[in-house]
Amino acid sequence: MDTHLHDRRRFLALGAALAATPLLSACGAGFGGDDSKSDGSAADDVTGSFDWKREKGTTVKALLNKHPYTDALIADLKSFTEKTGIKVEYDVFPEDNYFDKLTVDLSSGRASYDVFMLGAYMVWQYGPPGWLEDLGPWMRNASATGAEWDQADFFPNLLQADQWSLKAGAPLGQGGQYALPWGWETNVVAYNTDVFTKLGLKPAETFDELRELAGAIKQKAPGAGFDGMYGIAVRGSRSWATIHPGFMTMYARNGLKDFTVSGGKLTPAMNTPEAVAFTEDWAGMVKQGGPPSWTSYTWYQCSSDLGAKKAGMLFDADTAAYFQAVEGASPASGKIAFHPGPKGPDGSLATNMWIWSLGMNAKSKKKSASWLFLQWATGKEHLLKSAITHNHIDPVRKSIADAADYKDKMGHLPGFIDTFETVVDQTKIQFTPQAQFFDATTSWAAALQEIYGGQGAKSVLDGLAGDLADKVG
Amino acid sequence: MGWRLALRPYVLIVPALLLTCGILYPFGLGLYYTLFDFSASKPQPDMVRFENYETVFTQEAFWNSAWVTVLYAVGAAAVETVLGVAVALLLHRSTIVGRILEKILILPLMIAPVIAAIIWKLMLQPSVGVVNYLLRPFGLGGVQWTDTPTGALLSSIAVDVWVYTPFVAILALAGLRSLPTSPFEAAAVDGAGWWYTFRRLTLPMLWPYVLVAVIFRFMDSLKVFDIIYALTEGGPGDSTVVLQIRAYLEAIRFQRYSFGISYTIVLWAVVYLAAMVLVKHLGKIQRKAAEVK
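The listed protein sequences correspond, in order, to chains P and Y.
Be aware that the first sequence starts at 1, since it is given in the numbering used here, and climbs by one per residue.
Be aware that the second sequence starts at 1, since it is given in the numbering used here, and climbs by one per residue.
Calculated from the structure, these hints are not laboratory results.
Hints are supplied without guarantee of correctness; some may be wrong.
[To be verified] Just a few of them, taken from the derived set where beta-carbon distance is under 10 Å, the chain P residues facing chain Y:
no. : residue
1   : 103
2   : 131
3   : 196
4   : 198
5   : 295
6   : 449
All C-beta atoms in this analysis are idealised placements derived from N, C-alpha and C, irrespective of residue type, glycine included.
Here chain P stands alone, though its shape is the one from the complex (with noise of 0.2 Å):
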């Protein structure tokens, strides 16, 4: 009896504790990632006069994430077999989990997608352990790529923000081309009209005017017939992606840098007296003007405020406000403007950016596929119907953005176009590439919300920069 009670209880014991440890069973087998990288690539294999029907039969596995610019893509998708013959098969995943299950896919060292969806910011994560192809000898291979396909059309900084040479610190714009530029966003103010009307507001030109306005609008909007009306929306969540948007494009307006980089050797600069400041300042605006709740603001909750008509600006991409003013989207539809949002102090309309790209796996088996959906789907008559037929907005080429048809379409958005004229070339990645970039990033919302939560600014940015100092440098 005693025995079995003592069995029992180990059993019990060792059961529950067996449990605790489902990242282990998520680890699979074997070191999953490959040292050696071959010099030759699965492009020049590709010899003769160009063929969209080079491939015919294959199927093309994609993994993508839920987005209106991937609605436009799947519904154009027919076009793309008519065309080349090729079969897409395809997995949608929402964004919460949408880069859990592509680290976890592209980390296990399998081919179980041949072409995914990306951000720029990832080739610095996945390009460096060789899970991404570089696509650079396919765009160079005009047997590989039609001449239709035209590279200058780019615009010349989204392509350079997926071309990275791997190295920590290095520039964008040197080395491989990890991913096309795809959609991309750029972040700006948008405003509600009615209220900036109501109380006789202009958009901010400089970063003391915005926190101004932001608390003035809070106080002020809700007992002129806008109930529960805050200033400014801004994302507060503990993630990465609270840093990328709105903060980052004022910190860079300031002149201010996340890293310096000297000697290849990276050091934290976002304790420097300046960089102490912004930070302060920023905490104070979001105080003052800010949501309640901030620090659980991610993209989604900020423009359906918008939208709500419960914030009175955004300062977040251009995408998350327009997709609140299209006609009968939400009840603030029709009274969205944009703005390129405040200068710096020497004038700079320095944004940061972000790109939804498309990558395709080194380890495909089909390479010739992927690279001709690729092609396809960064091409003009794909983008352009598109960005005509659906919200594939934000167009990364050229003749897109002066096309009359989408110029016509986005006309009606007050400022929408002007913006994106103004800070178009101003726009690029703000960021020093390197590996932990997710890791500097989230610590660096955590301190955010600390220093919003009322610690001192200074002793908690000095201890950022001396946990990445060791992690980055």
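Here the structure of chain P is known, so what remains is to put chain Y in place on it, guided by the hints.
Relative to the frame of chain P, chain Y by itself:
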């Protein structure tokens, strides 16, 4: 015929053997990985022996996470136990209302904790959430539930309590219904009051059931991930980054696989030790309860 009989015991243990291997193989592999510096940026790792564990134990972040994990587990398990037993005692009186409530009580258990956390996140939202709307008439409509470190931790515990108190209540209720009636009848004949009966009879005999519930809830709370991640993502700051979230961030988000698994192994050791202590205590309680009976 003889060989079939001889083989039967071995055939019977095959499923259990496969299950055990299915658990132990990844566990052993994970343990092995922790001896390397395997990460996305180093796919061909070097053996670093126990360096990952040294780093874990010398990191301030680890001790912060360990403290938050313990606070969460003790807080959630304690509140759930007290509330669960109280609810069970109320439901034990077999009234019509009790029987209806008994059915309703299990509803939170049917909702995935992550869904419950997302629903609660919306309900706790200060400007549009229903909780502040209901509190507004009492002058409490402006509570920022998850904006402060204490608020975020207490809100996470509250969601855990909402989801899992029924589990404790059901276990305690089953225990109450299985208690022998004769000691209670004897106490009634002797004129014992409710409090005396509860303290001297009900509680000692109910303890083994309550402790089983505590073991399950404490173990589970030490491993919490879903509720906190959906509600606060570990924020504000690092205030709700429990060990599982830290392990997830390190292994999956930041792709430092060996280091992330080291966190999980440490958590496994903590859970194992806690389980050993609690299960040993359960034996003692069971023997005491048998004496009362």
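Against the structure, test the hints numbered earlier, and report the numbers of the ones violated in rising order. Structure breaks hints 3, 4.
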